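> Protein chains in written order, with UniProt numbering: chain L, 1 to 320; chain S, 1 to 439.
Read the hints as simulated data drawn from the structure, not as lab findings.
Treat the hints with care, as some may be off.
[Said to hold, decoys possible] Chain L is nowhere near these chain S residues, computed Cβ spacing over 12 angstroms in every case:
#	residue
1	T62
2	E183
3	V220
4	G307
5	D438
[Stated by the list, open to error] Derived list of chain L stretches under chain S, where covered just means 3 residues or more per stretch with a C-beta under 8 angstroms from a C-beta of chain S:
#	stretch
6	56-64
7	156-162
8	273-279
Quick caveat: nothing in here was measured; it's all calculated off a predicted structure.
Cβ coordinates follow ideal geometry from the N, Cα and C atoms, glycine included.
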Amino acid sequence: MIADTLIDDRSKRQIARANAKSEKTAQARLTSRGATIVAVIIAIFWTIPTFGLFVTSFRPGADTQSTGWWTVFTDPSFTLDNYSQALNSGGTALTLAQSFINSLGITIPATVFPLVIASLAAYAFAWIDFKGKNIVFVGVFALQIVPIQMALVPLLSLFSKGLTVNGVGIFPGFELRDAEHSFATVWIAHAIFALPLAIFMLHNFISEIPGEVIEAARVDGAGHGQMFFRIVLPLATPAIASFAIFQFLWVWNDLLVATIFAPSSSLPLTQTLNSLSGTWGNQWFLQSAGAFISIIVPLIVFFSLQRFFVRGLLAGATKG
Amino acid sequence: MRSPLRRRYTAPLAILAVAGLALAGCAEAEDTGSTGDQTVRISGGITGGEADALNKSFEQFTKDTGIKVVYTGDKSFEGNIVTKVSGGSAPDIAIVPQPGLLKTLVDTGEVKEAGEETEANVDKNWSPDWKKYGTFDGKFYAAPMLANIKGYVWYSPAAFKEWGVSVPTTFQEVLDLTKTIQEKTGTAPWCAGFASDAASGWPGTDWIEDLVLRQSGPDVYDQWVAGDVKFTDPEIKEAFDAVGEILKNPAYVNAGYGDVKSINSTAFGDVAAKVADGSCALTHQASFLSANFLDVKTAAGATPTVGPDGDVYGFVLPGIEADAANIEVGGEFVTPFSDSEAVQKATAYMATPEFADIRVGLGGVISANLNADPSKASSPLLQDAMKLLQDPNTTVRFDGSDLMPSTVGAGSFWKGMVSWIDGKDTDTVLSDIQAGYDN
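Please build the complete structure, drawing on both the sequences and the hints.
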C-alpha cells in the first residue's frame, strides 16, 4: 500500500516535472511582445462574428432584417423578445427549453459511457498481454475510418428490426419507436461512434506511463483492478478530462446522430435550434438567441475543465 | 490466489454492469409511457411557426376521436427521412414536399397505400392533377395537404400608384414595366436571392419553370419534366433568355444589394425586407413569401400591410398572352407508413375540407382543396391564390425541379442556375444541367 502511493507520487512528480519544463519553453516563446500583439489581433478578428451574433440576438427582429448589427452603435434598440420567443416556441414538437433538458439527458451519459469503456479498453491494450492484441488494436483504430453516415442505416435497422441470421434471432431490437423520452439508442450510437478515437487516445497516454511504475505495483501484489484504479486512472486524468471535453462538445453540438436515432420526444437542442428559423427562414433572428442559450453549457464545461484541456491536448498525440 | 483474481475482474465488471443496467433500465422504464396505436407521429420539413400551427390544427380531431397527433419538424427532413425509412424507423406519417422524394420512398416498399376513406376524400376534394402526384403504378399512396403558388411577383401598390403604372397582364408588359420603373427611378427595379444553403439556386429554377410553362405550354412542360424535352432544346433556351433579360441585365438587378452576382449571395427570404422598405420594386417568389413580410419593416418603421392597396402585394407572373392561367404550384403529400386504424383516420381527416379550413384559418398557408373556404385565408393575396387554385380553368403544374430525378432537380439544375448568374454562358449551363441525367 505504501509502495503504491510512493510510486504514485513519484511518477506524478516525474510527469509534472517534464510538463513544467516544456511549459516553460513554450511560455518563453509565446509571451514575447510581438506574439502577444498578433494573438490579440487574431482574437479580435475571430470574435467579431460571434460578437455580431450576440448583438443581433438582442435586436428586434424587424431591425435585423433591414440593417446590420453594427448600426446599434449609432441607433441602439434592444429587446429580450428573441430570447423569450426562442425558449417558448420550438418550431417543432418540443420547445427550446424542453429540448435543452433532453440535450443534457443525451450528452452526459453519452460522455460517461464511452469514457468508462475506453479507459478500461485502453488499459487492457496497454498493460495486459493477450494473444492478437496488436491486431485487435489496429482493428479498433481502423474503425475511425468508417464515416458515421455509412453506419446510420445498418445501426438504425439493428435497433428497430433487430438482427436475425438464417432464421436465428441474435438480437431482438428495441421496441422503442413509440416510446416517450427514450435516450438509449442515442447513447449507444454516440458511445459506438466515440469509442475508436477514445481508445486510441487514452491508449497512447496510458502506455506512456513508465513501465517501472506498473511493475513495482505488480511486485507489491496489485491486481489489474488495483493498478487501474490506483495508478492508471489518477495518472491519466488529464487525458480523460480532455477527451471528456471533446466528447461533450461533440455530442452537445451533434444534430445528425440525434435526429436519426432519437424518438421525437427526445430530440436535443440542436434540432429545435435548427428549426427555429421556420420553413422559409423568415425568423432566423430567433436562432441567434437560441445559439447563445445553447452555448452556455459548453462554455461552463470548457472553463471548468480548461486546465486539464491545455495539458491533455498534447497527451497521447505524440510519443516520447 | 482466488481473491486477487476475483478482484481483478470485479471492478470493471461492476462498471459495465452498472452501465448496462442504466441503459436497460431507461429503455424499459420509458417504454411503458407509450400509448400504443392512439398516438400518430408525423414528421416533415415544416418548422417554426408553421409547425406550431400544424400541431394546433389537430386539436379538434383529437377531441373528436381521442387520437393524439404529434408533429415533429426537421429542417433536413428530405435527407433524413430516407435514412429513417431504410433503417426501419419511419414515422407513422411523413409530410413529403416533393413527388420525386415520394417516389423514392414508395420504391422502398415501406409506404402503405392510402385507405379507402382517404382516397374517397381526395376524389371528392381535389382535382385529378393533384391525385396523380400521389399515385404510382396505379396505386394511390399520398393525399395532398397544403399548397403554394409559385411565380408571384411581389410589388408595392403604393409605389405603383406613385409611378402611374399598373399591374401587367402579359410577359411583354412585365418587361415594359421594368423599363419604365428603371427610367423613373434610375435604379434597378428587380431584386432576387438565390442563396439557400445546400439548396442554393432553387429560386432560379422557379423562374425558368414559370417561363417554360407560360411560353411553351403545359405539354412541353410535362415532356421537359419527364426528360423527353432536353435542357439543350430551344424551348428551354428560350425560357432562359427571357429570364436573362431581367436577371442578367445589370440595369435591372439587384435592387438594394448590388450587381448581378450579388443574387447568389442574397438569401431567398431576405428580399422581403427590401421590397417592404421600398428599395426594391419587384421580386419573384412563391406565395409563401407573405410569411416573410410579418417580420420586416417599411421605410417608415411599421410592419407592412399585405393587400391590393397596402404596402406590398403580389400578382401572378402573367403569361405570354393575357388571361392564360398556367400556374406552377408546390405542395405537400401526406405519406402513411402504417395502415393502423388511427393513421388511416388521420390521413382521411387531413384530406377533408374541415382540416383545410382549420389550417388555412390559422394563417400563412393555402390549400388546393376544392371544397375548402378561400375566405378563411389570412390575407387577400392568399384568398385570391386559393380561388385561383380552385378555379377549374386554371392549368396547374407541379414544381418541375421537385419532379425531376434528384441528380437534376436537386442537383445540376440548382448548380446551373448559380453558375448562370455568375456569368457562365447559357449554352454551357444548359448542357451542364442536362449532364445531370447521366449521374
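> Take the hints in turn and mark each one as holding or not.
Against the structure, the hints:
1. T62: Correct as stated: the minimum Cβ-Cβ distance to chain L is 14 angstroms, above 12 angstroms.
2. E183: holds (27 angstroms)
3. V220: Its Cβ never comes within 12 angstroms of chain L, the nearest being 30 angstroms, so this holds.
4. G307: holds (19 angstroms)
5. D438: Its Cβ never comes within 12 angstroms of chain L, the nearest being 24 angstroms, so this holds.
6. 56-64: The restraint on the stretch 56-64 of chain L holds, since 3 of its residues have a Cβ under 8 angstroms from chain S and three suffice.
7. 156-162: holds (count 5)
8. 273-279: n = 6 at 8 angstroms, threshold three: holds.
Every hint from the earlier list agrees with this structure, and none is contradicted.
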